[in-house]
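Work out the full structure: start from the sequences and follow the hints.
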Amino acid sequence: MGIHFREIERKDKEFILNANKEINLLSGLFDSTFEHNIDKDLFEDKICKVIIAEDDCFAIGFVLYSYIYWANCGKGIYLSQVYVKKEYRNKGVFKMLLTELELREDSCKFITDLVGNENRVMLNSMKKLGFKSSDLITFYKMINQ
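148 is the number that our numbering gives the last residue of the sequence shown; the numbers go up by one with no jumps.
FYI, nobody ran anything at the bench for these hints, they're computed from the structure.
Some hints here could point you the wrong way.
[Stated by the list, open to error] Calculated lysine-lysine pairs in the PhoX-like style (CA-CA distance at most 20 Å, straight line):
| hint | residue 1 | residue 2 |
| --- | --- | --- |
| 1 | Lys130 | Lys89 |
| 2 | Lys78 | Lys112 |
| 3 | Lys16 | Lys89 |
Structure follows, in structure tokens:
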């Protein structure tokens, strides 16, 4: 396994969208607008970033993230989605992606993520990688829809 990392390119769009559908199924989410917003958000306005993991020039995983600010900690990273192809899971790819993210975004003080209660794969992965759960309750309100 010769894994290396790079920034997203337009050729990765279908890989990202297919992974998004799989993640949403695991999380019990059915109201995603990502497919309609991906070009503008990711490639034009660049309000989020993606690091692609490749093996033999084939995309095998990614981390999609943006910045967040928390008064108690400062600048941080919000993990919107993390995905690793099934055949590459349990081989350290997720951990490698997070390590690469931390190296590239070394001015950030923390990483946070929201995980659906139904997404057991991600819940277990986050705990295994040393993430702690929070007592905070998440509220959100969709605006400008």
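Practice item. Compare the distance between the alpha carbons of Lys130 and Lys89 with 20 Å, and conclude whether the hinted pair is satisfied. Key: This hinted pair holds, its Cα atoms lying about 19 Å apart.
**Study point:** Hint consistency between Lys16 and Lys89 [alpha-carbon to alpha-carbon, up to 20 Å]
**Key:** Satisfied, since the Cα-Cα distance of roughly 19 Å is no more than 20 Å.
**Study point:** Distance restraint between Lys78 and Lys112, which requires alpha-carbon spacing of 20 Å or less
**Key:** Within the cut-off at roughly 6 Å; holds.
Violated hints for the displayed structure: none, as all numbered hints are satisfied.
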